[in-house]
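J.: Chains as they are written, first to last, in my numbering: chain A, 5 to 249; chain B, 2 to 310.
Simulated from the structure, these hints should not be mistaken for lab results.
Every residue, glycine too, gets a C-beta built ideally from N, C-alpha and C.
Each hint should be verified, as a subset may be incorrect.
Claimed, not checked - Simulated restraints, written as ranges between beta carbons of each label pair:
hint, chain 1, residue 1, chain 2, residue 2, range
1, A, 85, B, 126, 21 to 29 Å
2, A, 5, B, 71, 23 to 31 Å
3, A, 172, B, 23, 19 to 27 Å
4, A, 85, B, 111, 28 to 36 Å
5, A, 128, B, 78, 58 to 66 Å
6, A, 97, B, 61, 27 to 35 Å
7, B, 76, A, 85, 43 to 51 Å
8, A, 176, B, 184, 44 to 52 Å
9, B, 116, A, 175, 34 to 42 Å
10, A, 134, B, 111, 25 to 33 Å
11, A, 97, B, 262, 57 to 65 Å
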Amino acid sequence: MHTLSVYVREMRAQILATWRTPQFLIPSVALPLLFYGVMGLGLSKGREEVAHFMLANYVIFAAIAPAMFGFGAAVAAEREARLIELKQIAPLPAGGYLAGRLAAALALIAVAVALLGALAWFGGVRMDGWRWAATLGLGLAATFPFAMIGLNIGLRMGSQGATALANLVFLAFSLFGGLWIPLSAMPAWFGKIAEYTPSYHLGQLSQMLSGVQPMADVQRHVSILLAMTLAALVGALIAWRRRAA
Amino acid sequence: MSPTSSEPVALLRQVVKRRGATLALNGLDLTIRPGQCVALLGPNGAGKSTSVALLTGRLRPDGGDAFLFGEDPRALAARGRMGVMLQDAGLPRTLTVREQVELFRGYYTAPRPLDEAIRLAGLEGLERRRCGALSGGQQRRVQFALALAGRPDFLVLDEPTTGMDIDARRGLWTAVRAEIARGCAVLLTTHHLDEAEALADRIVVIDHGRVIADGTPEQIKSRVSGVAIRCRTRLSDAELSGLARVTGVSRDGGKVTLLTTSAPATLRELLARDETVDDLTVAGASLEDAVTRLVEAGAAASQPQAKVA
Numbered sequence: 005m006h007t008l009s010v011y012v013r014e015m016r017a018q019i020l021a022t023w024r025t026p027q028f029l030i031p032s033v034a035l036p037l038l039f040y041g042v043m044g045l046g047l048s049k050g051r052e053e054v055a056h057f058m059l060a061n062y063v064i065f066a067a068i069a070p071a072m073f074g075f076g077a078a079v080a081a082e083r084e085a086r087l088i089e090l091k092q093i094a095p096l097p098a099g100g101y102l103a104g105r106l107a108a109a110l111a112l113i114a115v116a117v118a119l120l121g122a123l124a125w126f127g128g129v130r131m132d133g134w135r136w137a138a139t140l141g142l143g144l145a146a147t148f149p150f151a152m153i154g155l156n157i158g159l160r161m162g163s164q165g166a167t168a169l170a171n172l173v174f175l176a177f178s179l180f181g182g183l184w185i186p187l188s189a190m191p192a193w194f195g196k197i198a199e200y201t202p203s204y205h206l207g208q209l210s211q212m213l214s215g216v217q218p219m220a221d222v223q224r225h226v227s228i229l230l231a232m233t234l235a236a237l238v239g240a241l242i243a244w245r246r247r248a249a
Numbered sequence: 002m003s004p005t006s007s008e009p010v011a012l013l014r015q016v017v018k019r020r021g022a023t024l025a026l027n028g029l030d031l032t033i034r035p036g037q038c039v040a041l042l043g044p045n046g047a048g049k050s051t052s053v054a055l056l057t058g059r060l061r062p063d064g065g066d067a068f069l070f071g072e073d074p075r076a077l078a079a080r081g082r083m084g085v086m087l088q089d090a091g092l093p094r095t096l097t098v099r100e101q102v103e104l105f106r107g108y109y110t111a112p113r114p115l116d117e118a119i120r121l122a123g124l125e126g127l128e129r130r131r132c133g134a135l136s137g138g139q140q141r142r143v144q145f146a147l148a149l150a151g152r153p154d155f156l157v158l159d160e161p162t163t164g165m166d167i168d169a170r171r172g173l174w175t176a177v178r179a180e181i182a183r184g185c186a187v188l189l190t191t192h193h194l195d196e197a198e199a200l201a202d203r204i205v206v207i208d209h210g211r212v213i214a215d216g217t218p219e220q221i222k223s224r225v226s227g228v229a230i231r232c233r234t235r236l237s238d239a240e241l242s243g244l245a246r247v248t249g250v251s252r253d254g255g256k257v258t259l260l261t262t263s264a265p266a267t268l269r270e271l272l273a274r275d276e277t278v279d280d281l282t283v284a285g286a287s288l289e290d291a292v293t294r295l296v297e298a299g300a301a302a303s304q305p306q307a308k309v310a
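Can you make the complete structure from the sequences, with help from the hints?
T.: So this is what it looks like as structure tokens:
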């Protein structure tokens, strides 16, 4: 009971702290909306299938930056400011701090994804209720792999290096994952790199769930994603222990 | 003393800890009992912060044992009875003082009332201020409030008053004394010897990762023979140590401190050799003189640890 309340308080504090950082909050929510508004709705000019297809990609895109920066790079900054050390000494269970940060990232991504959904609806995108829930839900679930990858960066690098690398990985995931521009419009070697990014597999699943692509290879995409997330989680645990040792 | 007071709050036994190429702790022993305030003194690099890191579970000993309330210092239950003020820990800029103290209270099973923690740390009127908008001294007071928030049985204060003004410093001392009075044990590291003298009932001097002296402030001072003569003089250190009965020479800015077993004998020679002697005072050796002298003697002889009392 006490442990549960500690987790809840930690999450609340982290969400509050994120909420009060508009310089992080606004770009995290506004960037995917702006991109989708221009590329998904603006350029499609009433062709709803394009807007529909792009929505599937942008819900994944919306998760990358908050998960990698808000969760990953922010851990590096808080470590550098020596905020974490006192929490490791205080009787806060080891997972409490990370759960708090993850909750803050999830809350932010939930807002971004929900607003994207609303924008798409106003832009004329229509699908079944369960497809809406599945597509937006997958965007939210995409937080986990990106957050774990970001955490590895945050625990292994200094704050400036972590921000720079997170930026690079963020751009690579968006581009090579085919989230900005469909892979079909890109040279073939793009597709080969895409296989190694979680964003590509998430994008594929998202397109299937939103009904713009038939269900195929689901098991392969899901197992690759699980393997990537698990590998990142193990890597993060090792880094966390080394920090604590 | 009650029977429970024999159970140590914190214990380091024959601890060895390597940090990089240097041996930070080399067979260190330290026992802290309930209601005791121990000041850990020594030059930079003596092993003070490593000792603190071992007792707070941030480091693990390479050899020997570290215990907190009889348990591994990493155990959640042991950590729940400890409050810590680190030397340079940060605060979240966007949370208010009240929110941050409230958050830390929540980590403990039987915390102090929020208002009490705020009052003891002298933070009244700043509760709604964001931590990022506080001055350095005010941030230190928030750190103190966080250390007190859980009503700890063991308080670790690592250079607690750095950056604080005189009032805040006195306020902290008063609060620490009240904690000791209710049975809380305190481990204090500080560069201010007056702070150690004001709070500690036991002084442990360490150097090169070993204890070189351990006793009450009076016992430590009595280890330094007699009297301290302070003055300005143009004599060199070598000439000064050659004066009658001088046991130690140290310089602080333009002033020299001579430790002597007989002030009259030393003064007669000093005044005869240097007619320009100025700003002359004679006083009993201070704790600072004693610690300086002990560290110097330890470095010169690197003798095995000597225990007082």
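J.: Any hints from earlier that this structure breaks? Give me their numbers in increasing order, please.
T.: Of the numbered hints given earlier, those the structure breaks are 3, 6, 7, 8, 9, 10, listed in rising order.
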